[in-house]
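Chemist: Fit chain B to the given chain A structure using the hints.
So the sequence lines, in the order shown, correspond to chains A and B. If you count the first sequence from 1, position 278 lands on 278 in this note's numbering, and the numbers rise without skipping. If you count the second sequence from 1, position 130 lands on 1130 in this note's numbering, and the numbers rise without skipping.
Since the hints were derived computationally from the structure, they do not count as laboratory data. Just so it is clear, the structure is predicted and the values come from calculations on it, not from any experiment. Some hints here could point you the wrong way.
[Stated by the list, open to error] Cross-link-like lysine-lysine pairs, in silico, DSSO-like; alpha carbons within 27 Å at most: (1) B/1395 <-> A/384; (2) A/388 <-> B/1268; (3) A/363 <-> B/1097; (4) A/97 <-> B/1395; (5) B/1268 <-> B/1395; (6) B/1351 <-> A/97.
2 protein chains.
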Amino acid sequence: MSSAVSPLAPTEVPDMPVIAGVRLATAAAGIRYKGRTDVLLAIMDKGTNAAGVFTQSKCPSAPVEWCRAQLKGAGSSKGLARALVVNSGNANAFTGKTGRQATTLTASIAAKAVGCKPNEVFLASTGVIGEPLDATKFDGVLGTLAESAAPADWMSAARAIMTTDTFPKVATATVKLGKAKVTINGMAKGAGMIAPDMATMLSFVFTDAPLSSAVLQSLLKSGVQDTFNALTIDSDTSTSDTLLAFATGTAAANGAPKITRASDPRLKAFTKAFRAVLADLAEQVARDGEGARKLVEVIVEGATTSISARRIAMSIANSPLVKTAIAGEDANWGRVVMAVGKAGEPANRDKLSISFNGIRVAKSGARDPSYNEAEVSEAMKAPKIQIKVSLGLGKGRDRVLTCDLTKEYVAINGDYRS
Amino acid sequence: MSSAVSPLAPTEVPDMPVIAGVRLATAAAGIRYKGRTDVLLAIMDKGTNAAGVFTQSKCPSAPVEWCRAQLKGAGSSKGLARALVVNSGNANAFTGKTGRQATTLTASIAAKAVGCKPNEVFLASTGVIGEPLDATKFDGVLGTLAESAAPADWMSAARAIMTTDTFPKVATATVKLGKAKVTINGMAKGAGMIAPDMATMLSFVFTDAPLSSAVLQSLLKSGVQDTFNALTIDSDTSTSDTLLAFATGTAAANGAPKITRASDPRLKAFTKAFRAVLADLAEQVARDGEGARKLVEVIVEGATTSISARRIAMSIANSPLVKTAIAGEDANWGRVVMAVGKAGEPANRDKLSISFNGIRVAKSGARDPSYNEAEVSEAMKAPKIQIKVSLGLGKGRDRVLTCDLTKEYVAINGDYRS
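Here chain A stands alone, though its shape is the one from the complex:
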């Protein structure tokens, strides 16, 4: 395991404000790790609404299925949340019937500790796959956590959900909703997608804004499109990826209006701030990609459509040859051409232009006449590399974040047994 903090870690950590109606507590339950916290309990006040987006994997983990069921749930409990239990060290994925039993047991232990219904409990697990999760370990622990839960310690919460992450990831925004001030706090974990000690992407966002579950779901759905869904570390998709949002509605006491329609014009500033929190967290995940030494931003413009631009950008961002070239500080635009070509999307070789960190290296399907290797090589030493591809076909544009592919990635994911 790599223990050094990623060189791309943010240099400043935001001061995380309290969100009324949210209390947090962490503990070391010894699920897999020794000497570190591995369980997070978040308790939300009555009236908290929830929403979520999940992995597209056809083999989702038991907690993902649990959360989906609670959000779909019938009657008055639908989309209501009183507790969130997150554990690291064991993903409770591919554990068969035992896995489903573990989620049911965890939710009932949490419900008892918090004083709510089991279907008001949300669950997320990250860690090894295929190892049965002993949910009885939560017995006692969650009761103690419920007693000690306090509004303040967001950094400890972010730390408890880490696996191969090298730094905790938090983001915050404060914005006006109507005339009242509302707050959005988020935390995330990432690193690879799945790893020996597992590196699923988990993220949890909390706000005191009085938003209905449907509004929150709409915000999430549109918010992830250009943030978490425009992010790739290694093209591998976890069975457990989970992004949950909770709105306590406590800001209503300060005069914040209740929002029940996603099209409500009063939601404009909030939507922007919510998206910014997701974007901040997603970028931190890219900055903590396993073995990453460079943050890579891929911009594709001039595609026939924005969907086509996204596919081409993902093809570039997922190419091992592009990623190893970046690791080698080489502006290897030939590999970018290769990745454009293999995407299967409309592209005309003779209209392609490519630039690295603003320096154009290829133009109209050939090396740029003004290409200066020394200048480009210098630019490639920067910790953040922007690859911009102009296809010259239409107005489709998109942006994707990734990181480079280093020997350290292979070491983290291949050497762990030795």
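Modeler: Coordinates of chain B only, in the frame set by chain A:
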């Protein structure tokens, strides 16, 4: 650059027989490499028919476009071949108008040297992308080669087309066509897909069987499906991948029947042998994957269709996390589940079974009750690893070859500048 021969290289090299009507010669033209051969000229007798399959890249190289045009070509020259010129060191890809001019010039120099029409000349280039290819370097060289060309030296030919390959790749088969003995000789190069010194997949197959161009094309198209098209090193697709086949028809003199329909029943044994040559070459390419230490065979069965099985097998074979686990000699079936899940194809987690080298590790969506870590760990030390996934849904089955992902791959593709 890695110079040691891959530990997965075949221990025996076949004795390559002469094919009447094919003469070969190699030279060091100094296109990029120093002190090694980098040009191959193959001269075929009049009446030789050609066929080819090429990269699906939307940004193909100039030689790929040249070959496609010759195979489509109008009138009496269509599908006729008298010469093949292959160079390593420069791919003549993404070189704009200059690239097209270079192919035209190379073909006309070769035509003059061999005494044929330029549209009877086939071209393939492999090497750096975006660097203009100075085709005038072929002037003189090809004339000398035409004079010295001789039927015998297939190993030298295979060596001249290498880039990051660590061993030359040849295969041969002798089979009856009618009552006559006919021969099939093939050579290939591979390694990664594109690399600093380039690692496009090129392959050339020659036979003395009297086959029409259409028959040869049909053999190629069906032959690649489960061989070269079922092979992935790093998911990256070269702009220059080329597989050409040439039939001199000289075996007609020994009584081999002329075959003009792909459905001709006399072609049965030949078809099988032709496919075996392609399979042999494709496996050698996997065995020489950049940095490879393990040959990996992925078998997916029980899928809803064979197309679905191929997609799931490719998702597993291309997963960096599966490939690094194999490099680490870990039977990490959780990552296999992940790769099945991300393929987007029908899969039922609770019906999945997975085995490594015949040892079942997961069954019905959970760890196999008889799982024995020591036994599996021992099996993972083998140089060839078979991952078998049973989906339990239908009769779709497929097989894909790949290799592991090692630090050496990253070094080959990322460290070349330092």
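Chemist: Does residue 363 of chain A pair with residue 1097 of chain B here, judged by a C-alpha cut-off of 27 Å?
Modeler: holds (13 Å)
Chemist: Would the pair residue 1351 of chain B and residue 97 of chain A pass a check requiring their Cα atoms to be no farther apart than 27 Å?
Modeler: holds (12 Å)
Chemist: Given the hint that residue 1268 of chain B pairs with residue 1395 of chain B, does the C-alpha gap stay at or below 27 Å?
Modeler: holds (26 Å)
Chemist: Given the hinted pair residue 388 of chain A and residue 1268 of chain B, is their alpha-carbon gap at most 27 Å?
Modeler: violated (51 Å)
Chemist: Does residue 1395 of chain B sit within 27 Å of residue 97 of chain A, going by the straight-line distance between their CA atoms?
Modeler: Answer holds: residue 97 of chain A to residue 1395 of chain B is near 26 Å, not above 27 Å.
Chemist: Compare the distance between the alpha carbons of residue 1395 of chain B and residue 384 of chain A with 27 Å, and conclude whether the hinted pair is satisfied.
Modeler: Measuring from Cα to Cα gives roughly 48 Å; hence the hint is violated.
Checked against the numbered hints above, the structure violates hints 1 and 2; every other hint is satisfied.
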